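Given only the sequences and the hints, what does the whole structure look like? Please build it.
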Amino acid sequence: MTSIKDDIDQKFRQVAIPYLEKYIAIKSLSPAFDPHWEESGEIARALELFSAFVGQLEIPGCVAWVSQIKGRTPALVIEVPPSSPEIVAPGVLLYGHLDKQPASGPWMEGTYPFEPHMRGDLLYGRGVVDDGYSIFAALLAIDALARRGLPYPRSVVIIEASEESGSPDLSAHLDRAKEVLGEIGLVVCLDAGGLDFERVWVTTSLRGNLVIRVNVKVLEHGVHSGEAGGVVPSSFRILRQLLSRIEDERTGELIPQLLRPEIPQFFIDGANALDSQLRDPLARAFPIVDGLALDGDGAQRILAQTWKSSLSAIGISGIPDVDEGGNVLRANTQLKISLRIPPSVDPLAAQDAIVELLSNDPPYGALVEIECEEPAAGWVANIPAPWLMDALSRGSQDAFGKDPGFCGEGGSIPFLAMLGERFPTAQFVATGALGPGSNAHGPNESLNIAFASGICTVVGHLLIAASLCE
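Residues in the sequence shown are numbered from -7 upward in steps of one, following this note's numbering.
Honestly, the hints are just simulated from the structure, not real lab data. Note that this is a predicted model, so its numbers are computed, not measured. Cβ coordinates follow ideal geometry from the N, Cα and C atoms, glycine included. Check the hints yourself; a few may be wrong.
To be verified - Derived BS3-like pairs (lysine-lysine); straight-line CA-CA distance at most 27 angstroms:
hint, residue 1, residue 2
1, 3, 14
2, 62, 209
3, 209, 328
4, 3, 394
Said to hold, decoys possible - Quick list of the computed label-pair ranges, beta carbon to beta carbon:
hint, residue 1, residue 2, range
5, 306, 277, 16 to 26 angstroms
6, -2, 307, 40 to 50 angstroms
7, 394, 113, 16 to 26 angstroms
8, 229, 280, 21 to 31 angstroms
9, 242, 62, 45 to 55 angstroms
10, 278, 245, 11 to 21 angstroms
11, 110, 410, 32 to 42 angstroms
12, 258, 224, 44 to 54 angstroms
Below, the structure written as structure tokens:
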């Protein structure tokens, strides 16, 4: 087996890290969090930085261009011809994104979301693991193969700028790049991760996601709580009642039967195997407070994270900060909720069911207003072809000295279902540098540099294997 690990690790540290430190300082928030992204120019700055990185590579025939579509975020497209004209294998599409979630906090002392900070082999900063590293993992893999005279197929790298908003612009850019893409035999998504940093992890399923705003209004304006309390029903209490229609507050179980499908035995067996191998990995995955009891145990937790529905309150308005709260019965309470739904559930049907439960016959006749973001579909991966399994094994052994792992993820990558429809005969690998403590979307987001370099090594082996397909 050809080892490319040391070559890639050296290049990743020398080249990728300085660029990533600059990228961290760019506030390229996704359009859902920065509606004025064009005026702010931060996404354009990130594109310029990544374009500069591509420009300093010496991959033969590599061409980069920015796909610009009016009213949509741009995308960076990098075309790489095959290493040899004799290679006639279908192309490879490698995906990443440069838009970021907003800065949530507080971050640990000495670190800030938009200032790079290195501690040991961890690089801290917003967007570094989700998903700024991806362009470097994709192109430095090709660069290593080119410098060593190893084969690789025609490849297209697409870095979009709307993923954290549900990828509403990606399909339009894929349409524009249709001729460039041509026949695709392998799709590599670098926006995922796994249960440890000791092997490459391949995602077998993803949950869907619904994001819904529920606003309960009882007054035209706030009034003295001593006068109205006990007479005018509280908007917060009504909101609690509405949430109880969809979630059992004692267990966290979602109530609608649509959101509780039977879990396929294949995934139950997989969860049991992971629990036996890693010994309740989710018990150590989160920064819980002392004494907190987690839901379930072992394989139950893995299945709850990947194949069961869950509700999270992710934003609230209509309530002042604690220090500013006066004796006022407030006019309204608005809550933004995220509903993770099983991979097999139709997101539109699920959204319709939730909206109906929240809006029908509101308690006390309160005014209930509901807004929904674009629902994200879940995804279930096909079983990898033998050549792909072999490449994953060789790559993981070269990078980490261990065989690859396979697991579902609790998050959503909305475009994977769309790409599956667009490229129905292609093989898919959803992997990435996320792992325990990476904390994408939250404070202290970090990139494990050795692990990210290892993912880059695995990508190199995937490309070598893909070049041999016909």
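Results of checking the hints against the structure:
A distance of roughly 17 angstroms separates the Cα atoms of residue 3 and residue 14; the hinted pair therefore holds under the 27 angstroms criterion. Taking the CA atoms of residue 62 and residue 209, the gap is near 37 angstroms; set against the 27 angstroms cutoff, the hint is violated. Annotation: proposed proximity of residue 209 to residue 328 holds, straight-line Cα distance about 15 angstroms (limit 27 angstroms). The hinted pair formed by residue 3 and residue 394 meets the criterion: a straight-line CA distance of about 22 angstroms does not exceed 27 angstroms.
Between residue 306 and residue 277, the C-beta spacing of about 19 angstroms keeps the proposed range 16 to 26 angstroms intact. For residue -2 paired with residue 307, a C-beta distance near 46 angstroms keeps the hint of 40 to 50 angstroms intact. Range check, residue 394 to residue 113: Cβ separation about 18 angstroms, and the 16 to 26 angstroms hint holds. At roughly 29 angstroms, the beta-carbon separation of residue 229 and residue 280 lies within the given 21 to 31 angstroms, and the hint holds.
With their beta carbons about 50 angstroms apart, residue 242 and residue 62 fall inside the hinted range of 45 to 55 angstroms. For residue 278 paired with residue 245, a C-beta distance near 20 angstroms keeps the hint of 11 to 21 angstroms intact. For the hinted restraint 32 to 42 angstroms between residue 110 and residue 410, the CB-CB distance of approximately 36 angstroms keeps it satisfied. One distance hint, 44 to 54 angstroms for the beta-carbon pair residue 258 and residue 224, holds here, with the actual separation near 53 angstroms.
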